[in-house]
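One letter stands for each residue in the lines below.
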Amino acid sequence: MALELDFEKPIIEIEKRIKDLKAISDAGHVDLTEEIALLSSKIEPLKKEIYSNLEPWQVARLARHIDRPSTLEYVKHICGDDFVEMHGDRLFRDDPAIVGGIGVIDGRSVMIVGHQKGCDTQSNIYRNFGMPHPEGYRKALRLMRLAEQFNMPIITFIDTPGAFPGIGAEERGQSEAIAKNLAEMSAIRVPIMCFITGEGGSGGALALGVGDKVFMFEFSIYSVISAEGCAAILWNDPNKAKEAASALKFKSTDLLKAGIIDEILTEPVGGAHRDHKTAAEEIKKCILKYLPSLIAVSADNLIEERYNKFRRIGKFAGEEEQENG
Amino acid sequence: MGWFDKLRSKTAKSQENQLKQEIPPQKTSDLWKKCPGCGETILTKDLVRNLFLCIKCDYHMRMPVWDRVALLADDNSFVEFNQELKSADPLNFVDSKPYPQRIEEAIKKTDAFDAAMTGYVQIEGIKAILGVMNFEFMGGSMGSVVGEKLTDALERGASEKLPVVIVATSGGARMQEGILSLMQMAKTSAAVKKLNTAKVPFISILTDPTTGGVSASFASLGDFNIAEPNALICFAGPRVIEQTIRQKLPEGFQKAKFLLEHGMLDCIVHRRTLKKQVGKILHILNNGR
Ligand SMILES: [Zn+2]
Numbered sequence: 001m002a003l004e005l006d007f008e009k010p011i012i013e014i015e016k017r018i019k020d021l022k023a024i025s026d027a028g029h030v031d032l033t034e035e036i037a038l039l040s041s042k043i044e045p046l047k048k049e050i051y052s053n054l055e056p057w058q059v060a061r062l063a064r065h066i067d068r069p070s071t072l073e074y075v076k077h078i079c080g081d082d083f084v085e086m087h088g089d090r091l092f093r094d095d096p097a098i099v100g101g102i103g104v105i106d107g108r109s110v111m112i113v114g115h116q117k118g119c120d121t122q123s124n125i126y127r128n129f130g131m132p133h134p135e136g137y138r139k140a141l142r143l144m145r146l147a148e149q150f151n152m153p154i155i156t157f158i159d160t161p162g163a164f165p166g167i168g169a170e171e172r173g174q175s176e177a178i179a180k181n182l183a184e185m186s187a188i189r190v191p192i193m194c195f196i197t198g199e200g201g202s203g204g205a206l207a208l209g210v211g212d213k214v215f216m217f218e219f220s221i222y223s224v225i226s227a228e229g230c231a232a233i234l235w236n237d238p239n240k241a242k243e244a245a246s247a248l249k250f251k252s253t254d255l256l257k258a259g260i261i262d263e264i265l266t267e268p269v270g271g272a273h274r275d276h277k278t279a280a281e282e283i284k285k286c287i288l289k290y291l292p293s294l295i296a297v298s299a300d301n302l303i304e305e306r307y308n309k310f311r312r313i314g315k316f317a318g319e320e321e322q323e324n325g
Numbered sequence: 001m002g003w004f005d006k007l008r009s010k011t012a013k014s015q016e017n018q019l020k021q022e023i024p025p026q027k028t029s030d031l032w033k034k035c036p037g038c039g040e041t042i043l044t045k046d047l048v049r050n051l052f053l054c055i056k057c058d059y060h061m062r063m064p065v066w067d068r069v070a071l072l073a074d075d076n077s078f079v080e081f082n083q084e085l086k087s088a089d090p091l092n093f094v095d096s097k098p099y100p101q102r103i104e105e106a107i108k109k110t111d112a113f114d115a116a117m118t119g120y121v122q123i124e125g126i127k128a129i130l131g132v133m134n135f136e137f138m139g140g141s142m143g144s145v146v147g148e149k150l151t152d153a154l155e156r157g158a159s160e161k162l163p164v165v166i167v168a169t170s171g172g173a174r175m176q177e178g179i180l181s182l183m184q185m186a187k188t189s190a191a192v193k194k195l196n197t198a199k200v201p202f203i204s205i206l207t208d209p210t211t212g213g214v215s216a217s218f219a220s221l222g223d224f225n226i227a228e229p230n231a232l233i234c235f236a237g238p239r240v241i242e243q244t245i246r247q248k249l250p251e252g253f254q255k256a257k258f259l260l261e262h263g264m265l266d267c268i269v270h271r272r273t274l275k276k277q278v279g280k281i282l283h284i285l286n287n288g289r
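Chains as they are written, first to last, in the numbering used here: chain A, 1 to 325; chain B, 1 to 289.
Next comes chain B alone, as it looks inside the complex:
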């Protein structure tokens, strides 16, 4: 039984949301992916086996949400919350297409209802709450659903005294929900404060890319901030800054190492050792509680 079947069997048993449907298998619409690091073209199935690390240069490519869950969760341990929570169209927003159409297309493309997934988990044998953002769903943008799911996860952590681990990847706020998406920054950050007050650990894992309203809210507020190598982490994107100051940006600007050097991260951890490292941190913090 592969990891996916293990996850699926557990999720189907979930008491949380009386699932009517099983999680459909992941679509592999792209047979090949090009490595942004070295330009090598790699078969997607080889990437899946290699944790989406470039086979040639070890570049950390973006990881689909279920692969990320599988990377961190002990077998059969993930039990999803609020799986079917779906966004409304509060502004009747239409740009080149209507927002509801974008949502439907993203659901079809990713087999998820929005850009974050949360649930109970065990990591290296330690019970915790895990949230994973999904960049493939509208660039991981945070609207009402993402804000609600993560807030709920953080609140559960506070009330059930379970440490919370959130893997961020996002282009920022979801513009199509206007001011409601801006307010998710306040909502999730306040929930982190609630977790702090309850003296429950929060580990924030910032992956490529974590920007804008997500980086400027819960993702920067971890008791432990961990990044993956070479991840872009910023408030304003490099292009916006270049346009504003009309200067070329220095090499490595806003990449994980830059943030580590400027004091914004506790550590950079390779994907192959991420689970072990998170487990170790949780273990040490739990011992102290």
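Okay, chain A solo, but in the shape it has when bound:
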């Protein structure tokens, strides 16, 4: 079931008219080939126009689109049958909001870990809407340590509203689980490539995001807090989410400018939710492009460079003057 976003309406209307015309045409009453071709030619430019002028809050809605491909779908497209899912943190339970396992990409063995959202209400309840508990982060860390042991590069997929705020999560140390991942990922001695595919929600996203290369899909977001949460706290008014979305500068272009991510991956026209296969191919291409050079780096240099990548993030008053003078 497609979720309609208001700014997508003009596209969806044309698509619907084409479908109707095709139905009439196929029924053999009249030949409408020309009309269909005319409408079809309008769709691509319209999509381009709409999607290149999105407001930050509109991007946030696209990033959360229920039809966006999930980690397991990317894995299916990228690894085919060469993937074995692994479960459990060996401490408490298996968290369905984070998935992981071993797979093969273009002949190379890799460890894949990512947040997992559902594709409808039922599966979303099972996946807790992609909001992990501590055991999810601990499973992720177990798998990443295994990757280190067997010298396999790590690919992470990031798509979560955030770590789950609940009683059990607090009892079992949500803070500690996230903190531990941040610390340990900084020193894991195999390459780590991170892909923000949808929602990069705060610490719960970052806990899979300490890598040598960090990529973001065009219409994904990466933020310290959701626009709604920020509006409630700083504006004292949840209805100011649009303002907060603009102020937080969480679009891929902002993050690239701020030096937080390495590259923006282009989405299929109209967004990844409209063409899962092409989106997955984009990620695969990126992995194949960068992984060989990462593997060539010695483990010591790799973790030193990863440390420095995050070490230098921060902005201070008077910096520009110093740089110029």
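Read the hints as simulated data drawn from the structure, not as lab findings. Please note that a few of the clues may not be correct.
Derived, one-sided and incomplete: chain B residues facing chain A with beta-carbon distance under 10 Å [claimed, not checked]:
(1) PRO100
(2) PHE113
(3) ALA173
(4) LEU180
(5) ALA191
(6) VAL192
(7) LYS193
(8) THR210
(9) GLY213
(10) SER215
(11) ILE245
(12) LEU259
(13) LEU260
(14) HIS262
(15) LEU274
(16) LEU285
Here are the computed lysine to aspartate or glutamate pairs in the EDC-like style, where the Cα-Cα straight-line distance is at most 16 Å [claimed, not checked]:
(17) LYS285/A <-> GLU263/A
(18) LYS86/B <-> ASP152/B
(19) LYS315/A <-> ASP30/B
(20) LYS109/B <-> GLU40/B
(21) LYS285/A <-> GLU319/A
(22) LYS56/B <-> ASP67/B
(23) LYS315/A <-> GLU136/B
(24) LYS33/B <-> ASP58/B
(25) LYS275/B <-> GLU124/B
(26) LYS257/A <-> ASP30/B
(27) LYS240/A <-> ASP95/B
(28) LYS86/B <-> ASP67/B
(29) LYS275/B <-> GLU40/B
(30) LYS280/B <-> ASP74/B
(31) LYS97/B <-> GLU319/A
(32) LYS275/B <-> ASP75/B
(33) LYS45/B <-> ASP75/B
(34) LYS9/A <-> GLU34/A
(35) LYS76/A <-> ASP237/A
(36) LYS47/A <-> ASP6/A
(37) LYS33/B <-> GLU136/B
(38) LYS242/A <-> ASP95/B
(39) LYS86/B <-> GLU319/A
(40) LYS315/A <-> ASP152/B
Even for Gly, the Cβ is constructed at its ideal location relative to N, Cα and C.
Chain A is already provided as a structure; the job is to place chain B with the ligand on it using the hints.
Below, chain B with the ligand without anything else, positioned relative to chain A:
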């Protein structure tokens, strides 16, 4: 000479940052404070003398940053790092007021440039590096400056083989710096890992409140995690959880004792014995190195 003058004379001698100005005396804008424990109204000057413990019920009230330094540091031992490091406004962030204005107001209010203070220290005669967060400065929120100061302190600990003690108190990440503040979680946690690898002890003291991005980074990563009695320590705040699960939370939820029982802390230590206890731990760990 009171503790404050002792601290000040030492800081002024600091080779670290060629201070142009002396630390101005603390402002006592609030003459009275109300105890969150028993509701008693207490003169601030009486609280200062009593380590910000309630005179009536012993409740551990929030402690200003310099009082905290004085609580832990041996006389004349604190030498501050990066004192004048100040935040920029990377996002040109404006909510009800512009971020630079909030910063200026916080500086005026607290006489500090940001929400953390770091430096060399001696605790019970043991050389160490101390970091203390400042809740009065924008709720102790962690942005670029806090992240940088604490990372620098942890790195110095690793390279100079000096144990690091950090007193946390924070509402979490500083939203006004957006993604840059989120990344300080990764930066500080990686620095803790560096300290671990160098086999240098890290004592994390979690005080009321330690939440969000600070609790979910360096503050939870101590080799020794110590909390003060009744401190709120959590990832998600109680209100957020109540709104999410639509349930009333159990009594004492996310308070120090709850965390101790759930295995997140090594111990809860009363403020009056905190310095002695930290000294003892440092002494035992140093002996083993
Ligand atoms: Zn009281």
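Structure-based check of all given hints:
{"no.": "1", "hint": "PRO100", "in the structure": "holds (9 Å)"}
{"no.": "2", "hint": "PHE113", "in the structure": "holds (9 Å)"}
{"no.": "3", "hint": "ALA173", "in the structure": "holds (5 Å)"}
{"no.": "4", "hint": "LEU180", "in the structure": "holds (6 Å)"}
{"no.": "5", "hint": "ALA191", "in the structure": "holds (8 Å)"}
{"no.": "6", "hint": "VAL192", "in the structure": "holds (5 Å)"}
{"no.": "7", "hint": "LYS193", "in the structure": "holds (4 Å)"}
{"no.": "8", "hint": "THR210", "in the structure": "holds (9 Å)"}
{"no.": "9", "hint": "GLY213", "in the structure": "holds (6 Å)"}
{"no.": "10", "hint": "SER215", "in the structure": "holds (4 Å)"}
{"no.": "11", "hint": "ILE245", "in the structure": "holds (6 Å)"}
{"no.": "12", "hint": "LEU259", "in the structure": "holds (8 Å)"}
{"no.": "13", "hint": "LEU260", "in the structure": "violated (12 Å)"}
{"no.": "14", "hint": "HIS262", "in the structure": "holds (5 Å)"}
{"no.": "15", "hint": "LEU274", "in the structure": "violated (21 Å)"}
{"no.": "16", "hint": "LEU285", "in the structure": "violated (19 Å)"}
{"no.": "17", "hint": "LYS285/A <-> GLU263/A", "in the structure": "holds (13 Å)"}
{"no.": "18", "hint": "LYS86/B <-> ASP152/B", "in the structure": "holds (15 Å)"}
{"no.": "19", "hint": "LYS315/A <-> ASP30/B", "in the structure": "violated (33 Å)"}
{"no.": "20", "hint": "LYS109/B <-> GLU40/B", "in the structure": "violated (25 Å)"}
{"no.": "21", "hint": "LYS285/A <-> GLU319/A", "in the structure": "violated (37 Å)"}
{"no.": "22", "hint": "LYS56/B <-> ASP67/B", "in the structure": "violated (20 Å)"}
{"no.": "23", "hint": "LYS315/A <-> GLU136/B", "in the structure": "violated (22 Å)"}
{"no.": "24", "hint": "LYS33/B <-> ASP58/B", "in the structure": "holds (14 Å)"}
{"no.": "25", "hint": "LYS275/B <-> GLU124/B", "in the structure": "holds (7 Å)"}
{"no.": "26", "hint": "LYS257/A <-> ASP30/B", "in the structure": "violated (43 Å)"}
{"no.": "27", "hint": "LYS240/A <-> ASP95/B", "in the structure": "holds (10 Å)"}
{"no.": "28", "hint": "LYS86/B <-> ASP67/B", "in the structure": "violated (22 Å)"}
{"no.": "29", "hint": "LYS275/B <-> GLU40/B", "in the structure": "violated (27 Å)"}
{"no.": "30", "hint": "LYS280/B <-> ASP74/B", "in the structure": "holds (14 Å)"}
{"no.": "31", "hint": "LYS97/B <-> GLU319/A", "in the structure": "violated (23 Å)"}
{"no.": "32", "hint": "LYS275/B <-> ASP75/B", "in the structure": "holds (13 Å)"}
{"no.": "33", "hint": "LYS45/B <-> ASP75/B", "in the structure": "violated (21 Å)"}
{"no.": "34", "hint": "LYS9/A <-> GLU34/A", "in the structure": "violated (23 Å)"}
{"no.": "35", "hint": "LYS76/A <-> ASP237/A", "in the structure": "violated (42 Å)"}
{"no.": "36", "hint": "LYS47/A <-> ASP6/A", "in the structure": "holds (13 Å)"}
{"no.": "37", "hint": "LYS33/B <-> GLU136/B", "in the structure": "holds (14 Å)"}
{"no.": "38", "hint": "LYS242/A <-> ASP95/B", "in the structure": "holds (12 Å)"}
{"no.": "39", "hint": "LYS86/B <-> GLU319/A", "in the structure": "holds (10 Å)"}
{"no.": "40", "hint": "LYS315/A <-> ASP152/B", "in the structure": "holds (15 Å)"}
In terms of the numbered hints stated before, the structure departs from hints 13, 15, 16, 19, 20, 21, 22, 23, 26, 28, 29, 31, 33, 34 and 35, listed from lowest to highest.
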